[in-house]
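Visitor: Residue strings, one per chain:
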Amino acid sequence: MVDLNPKMLEDIPVTSYSDNSTLLIKTGAWKYVQPSYEDKLPACSHQCPAGNDISKALDLIARGDVAAAARLWRAGNPFPASLGRVCPHPCEDQCNRGQFGGAIAIHMMERFLGDRSLDPEFLPKAKPATGKKVAVIGGGPAGVAAAYNLALAGHAVEVFDDKPAAGGYLRTGIPAYRLPKDVLDRELALVEQTGVQFTLNTRVGRDVSFDELRNRFDAVIVTIGFHGSRPLGVPGEDHENVYNGVHLLERILAGERPELPRRMAVVGGGNTAMDVARSLLRIGVEPIVVYRRSRMEMPAIPTEVDEAIAEGIRFEFLTAPSRVIIENGKVTALECRKMRLGEPDESGRRRPIPVEGSEFPVEVGGVVTAIGETAELDFLPDEARDGWRVAADERFVTPVEGVFAAGDAAFGEGTVTAAVGAGRRVAMVVDAFLGGRELPSVAPPTQASWERPVNIDQTVHVEQLNPAYFTEVPRPEIHELDPQTRSTSFDEVVQGFTEEEAIREARRCMVCGTCNECCNCLFFCPDVAIHKRSGAFGFDIDGDHCKGCGICVEECPRNALSLVEVKS
Amino acid sequence: MAIDITTYDPKNLHLPEFDILHSGHLACPGCGAALGMRLALKALGPKTMVVIPACCWAVINGPYPYEALGVPVLQVAFETAAISASGIRAALDAQGKEGITVLAWAGDGGTFDIGFQSLSGAAERNDDIIYVCYDNEAYMNTGIQRSSATPYGAWTTTTPVESPKPEPKKNMVEIMAEHRVPYTATASLAFPEDFVRKLQKAQSIRGAKFIHLWSSCPPGHKSEERYSIRIARLAVETGVFPLYEVDYGTKYTINHEPAFTDINEYLKLQGRFRHLKPYHVENMRRNIEWEWKRLRAKVEMGEKLPLPPAPVHAPVDEGEHTPPAK
Ligand SMILES: Cc1ncc(C[n+]2csc(CCOP(=O)(O)OP(=O)(O)O)c2C)c(N)n1
Ligand code: SF4
Ligand code: SF4
Ligand SMILES: [Mg+2]
Chain A
6 MVDLNPKMLE
16 DIPVTSYSDN
26 STLLIKTGAW
36 KYVQPSYEDK
46 LPACSHQCPA
56 GNDISKALDL
66 IARGDVAAAA
76 RLWRAGNPFP
86 ASLGRVCPHP
96 CEDQCNRGQF
106 GGAIAIHMME
116 RFLGDRSLDP
126 EFLPKAKPAT
136 GKKVAVIGGG
146 PAGVAAAYNL
156 ALAGHAVEVF
166 DDKPAAGGYL
176 RTGIPAYRLP
186 KDVLDRELAL
196 VEQTGVQFTL
206 NTRVGRDVSF
216 DELRNRFDAV
226 IVTIGFHGSR
236 PLGVPGEDHE
246 NVYNGVHLLE
256 RILAGERPEL
266 PRRMAVVGGG
276 NTAMDVARSL
286 LRIGVEPIVV
296 YRRSRMEMPA
306 IPTEVDEAIA
316 EGIRFEFLTA
326 PSRVIIENGK
336 VTALECRKMR
346 LGEPDESGRR
356 RPIPVEGSEF
366 PVEVGGVVTA
376 IGETAELDFL
386 PDEARDGWRV
396 AADERFVTPV
406 EGVFAAGDAA
416 FGEGTVTAAV
426 GAGRRVAMVV
436 DAFLGGRELP
446 SVAPPTQASW
456 ERPVNIDQTV
466 HVEQLNPAYF
476 TEVPRPEIHE
486 LDPQTRSTSF
496 DEVVQGFTEE
506 EAIREARRCM
516 VCGTCNECCN
526 CLFFCPDVAI
536 HKRSGAFGFD
546 IDGDHCKGCG
556 ICVEECPRNA
566 LSLVEVKS
Chain B
3 MAIDITTYDP
13 KNLHLPEFDI
23 LHSGHLACPG
33 CGAALGMRLA
43 LKALGPKTMV
53 VIPACCWAVI
63 NGPYPYEALG
73 VPVLQVAFET
83 AAISASGIRA
93 ALDAQGKEGI
103 TVLAWAGDGG
113 TFDIGFQSLS
123 GAAERNDDII
133 YVCYDNEAYM
143 NTGIQRSSAT
153 PYGAWTTTTP
163 VESPKPEPKK
173 NMVEIMAEHR
183 VPYTATASLA
193 FPEDFVRKLQ
203 KAQSIRGAKF
213 IHLWSSCPPG
223 HKSEERYSIR
233 IARLAVETGV
243 FPLYEVDYGT
253 KYTINHEPAF
263 TDINEYLKLQ
273 GRFRHLKPYH
283 VENMRRNIEW
293 EWKRLRAKVE
303 MGEKLPLPPA
313 PVHAPVDEGE
323 HTPPAK
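Sequences listed follow chains A and B, in order.
Using our numbering, the first residue of the first sequence is number 6, and each one after it goes up by one.
Using our numbering, the first residue of the second sequence is number 3, and each one after it goes up by one.
In case anyone wonders, no lab produced these hints; they're calculated from the structure.
Possibly wrong hints are sitting among the right ones.
Claimed, not checked - If you want the footprint, here are the derived chain B segments under chain A, 3+ residues with CB under 8 Å:
1. 68-77
2. 169-180
3. 255-267
4. 287-295
What the hints assert, rightly or not - Simulated DEER-style distance windows between Cβ atoms:
5. 24/A - 312/B: 25 to 35 Å
6. 73/A - 280/B: 55 to 65 Å
7. 472/A - 224/B: 20 to 30 Å
8. 104/A - 259/B: 16 to 26 Å
9. 104/A - 281/B: 33 to 43 Å
Stated by the list, open to error - Once the Cα atoms are required to be at most 30 Å apart in a straight line, the calculated BS3-like pairs of lysine-lysine come out as:
10. 295/B - 306/B
11. 253/B - 172/B
12. 224/B - 36/A
13. 270/B - 253/B
14. 31/A - 270/B
15. 306/B - 572/A
16. 572/A - 130/A
17. 270/B - 306/B
18. 172/B - 306/B
19. 270/B - 537/A
20. 295/B - 203/B
21. 270/B - 36/A
22. 31/A - 49/B
23. 49/B - 537/A
24. 203/B - 306/B
25. 12/A - 36/A
26. 224/B - 253/B
27. 172/B - 203/B
Idealized CB from N, CA, C, for every residue including glycine.
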């Protein structure tokens, strides 16, 4: 053994010979910045109103662990099988893969995982009972999401709904060709498994008073949705063959086949209008969609419009009704006026302006209105109401002590997905309230409920990825029933992914902002300072030898590391 | 334990998992030469003996009595990397030891300049060694003096910004290939799988092998430490440093078709090029174009040429070898 600290020249042998490892030299002391593993929010999840942990789940599928991915997806979202079918998937618009071959078909993955987890074994473990009781008014997506998350947090939850079955708009507003009813029923059955009690056919304010609920429960959450439809405001609209779209759709979807005119105008450009038109087509009515702006401004999900057009539905764009023409007590036509587009209004869309003298008849035997919806709030005390909506602040707290509100009736986000996200968020606030904790100034974002730590203040867009590590891989084709078959039946139009297709698609995911153990950091470290954890996920950085060069941070393809200052 | 490398994108790396190089070596943060050695030892394995002449790596390996390599290392005089490696091979042969790889690992100064005659000799004798030149394009260990590997236009302390280097870089791979050694190749830190494959191919061939590894050097190139791999990648993608290999000086193979990214992307990350005027950059562009024409022509020529003929040996039944007449 040689002297590790030779002081005298004589201590060094004539032929010097080193046999002590430099591991004893702590070169890590040189650094002033250091790498640190830090997952960030991928662009997709940043955009997902329901708060799905997309990148982690897709990574699990890519590794072949479909069950773990399905469990993760269902952890805070009770409706993956339903949302995968009905969500307009804003996540895909932002997906970074979009620039490398086409966005990941995230909604198809959600549907696949939802269908895979329709069994109680996929439910998360509930926390021990707290003894607290929560009433949820309205069994739609927001209410059920809140109930599900609160039940899993250990609270006793009872959901009140005036309909014979829960599900809200998922049941009454979405046709079976988009969401088969047994899928919804099975997801609701799973929610029941978590201990949520559904009290149906019970309207608050009629069958049970609001005050009684406040007395019996520690917290009340109002999650009623929109149920009425705004009037057209044109002469002749009280004729019996002018229908409220929301109510007509509810009846058709419940299996009723009312006597309807052979040809009907559907007024509106939103999802309800599309659902009404496509449902009418399926029961043998010829619908004509009348919309006052152009295709581009339509608020409906673009693929829904594409599908409606493919099914041969006629559209009258830049057209607004001016009166219902009635002859001998019968509707013979809807008189319309041509519109042109002016300056953008508050919604950012260009305002339609009537063209003088452009009236023309659209020959129909009936009209269906689908131009925006309203909530029915009469049961609430005055201070809990603010015009057409429930008064609630950014924490979902209403002016009435212990009463919270979320979903369409409070904020009018307008999609089922946003309602699920609101349910998840209000559950976090109510859980804090029931636990006697201080309420946040703003309700925490959905991702705050994720189990894995993520820096939600940073979103990984394509500029934050290292493009050297990604090659273009095209988006797969999504199979649909052909328009001929589907226009005559309520069978599901879009066909789900097989497991093989799902795994292949998951492998296209770039797992943005999320460590997937690709090992680039480890392989590129000039100082051999990164080590794979044995038997556990992830890596350890040897602080004694990391010099803080930052190569690992730069060469991480997906931005799952950050350089942070060394604290002295 | 096998590292679970999840292979989603075809670009994920597949490299040997073990490491022979130790942490605690004295390379600067972000040193490409240090990463190069780490990869070389991964590729060649523990039965390797290394010769290191005077250069940064002589310091990186640690002060007496420490060392970082984890395999036997002989540190030798500046100009003697190749001849020392040849000597080790001769000694191993004399002792009848087989299955050991002898690796000479030298800088560009020690290869292109002062060590050139000893390297040329080892190549001519076709001594069974692998010679890797980690090329950081200047004498870095002594404070950034130009070498014949320094590129046109670059700043060094001996080619100041007022008169940056006027000559282009010497083409060492072609020179070595023209020795007709069995294997010559270029390599990049940004393409570690390619580098490892080339080392393993070299290891499988008897004779003299030469690999030219382009190496980032943050203090010498005046670049950010974290960009060491990005710059190495851009050297390849801009066409500045082609990735190719040559068998028997004859068969040229291009290993990566570059994107021919704008050379400014490469230059702007390095302070040593900051003073360049547009005409300098234009000269670089033209040179890249010319070099690539030459390289492609060599590939084409190689396709038409056979590899060297198999040797014919003295017939066994001819009895005693007759010495030539006096
Ligand atoms: C004969 C001789 N001349 C000069 C030196 C001083 N010296 C030591 S390392 C070095 C530069 C080496 O440059 P290079 O081979 O490119 O390796 P780098 O330091 O760049 O890694 C010099 C000039 C020496 N050791 N021996
Ligand atoms: S590639 Fe994957 S993680 Fe990245 S945005 Fe798309 S779906 Fe999300
Ligand atoms: S590459 Fe290695 S030395 Fe450089 S910062 Fe990362 S861990 Fe530290
Ligand atoms: Mg050098």
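Visitor: If a hint holds in the structure, say so; if it doesn't, say that too.
Guide: Okay, the hints, checked on the actual structure:
1. 68-77: holds (count 4)
2. 169-180: violated (count 0)
3. 255-267: violated (count 0)
4. 287-295: violated (count 0)
5. 24/A - 312/B: 25 to 35 Å: Violated - the Cβ-Cβ distance for residue 24/A and residue 312/B, about 45 Å, lies outside 25 to 35 Å.
6. 73/A - 280/B: 55 to 65 Å: About 56 Å separates the Cβ atoms of residue 73/A and residue 280/B, which means 55 to 65 Å holds.
7. 472/A - 224/B: 20 to 30 Å: holds, 25 Å
8. 104/A - 259/B: 16 to 26 Å: holds, 22 Å
9. 104/A - 281/B: 33 to 43 Å: Holds, at about 36 Å.
10. 295/B - 306/B: With Cα atoms ~17 Å apart, residue 295/B and residue 306/B stay inside 30 Å; holds.
11. 253/B - 172/B: holds, 21 Å
12. 224/B - 36/A: Given pair residue 224/B, residue 36/A holds - Cα atoms ~18 Å apart, limit 30 Å.
13. 270/B - 253/B: Judged against 30 Å, a Cα distance of about 35 Å means the pair is violated.
14. 31/A - 270/B: violated, 33 Å
15. 306/B - 572/A: Answer violated: residue 306/B to residue 572/A is near 63 Å, above 30 Å.
16. 572/A - 130/A: violated, 39 Å
17. 270/B - 306/B: Answer violated: residue 270/B to residue 306/B is near 40 Å, above 30 Å.
18. 172/B - 306/B: holds, 27 Å
19. 270/B - 537/A: Judged against 30 Å, a Cα distance of about 35 Å means the pair is violated.
20. 295/B - 203/B: Answer holds: residue 295/B to residue 203/B is near 27 Å, not above 30 Å.
21. 270/B - 36/A: With Cα atoms ~25 Å apart, residue 270/B and residue 36/A stay inside 30 Å; holds.
22. 31/A - 49/B: At roughly 27 Å apart (the allowed maximum being 30 Å), residue 49/B and residue 31/A satisfy the hint.
23. 49/B - 537/A: holds, 25 Å
24. 203/B - 306/B: holds, 23 Å
25. 12/A - 36/A: Judged against 30 Å, a Cα distance of about 28 Å means the pair holds.
26. 224/B - 253/B: violated, 37 Å
27. 172/B - 203/B: holds, 25 Å
When each numbered hint is compared with the structure, violations occur for hints 2, 3, 4, 5, 13, 14, 15, 16, 17, 19, 26.
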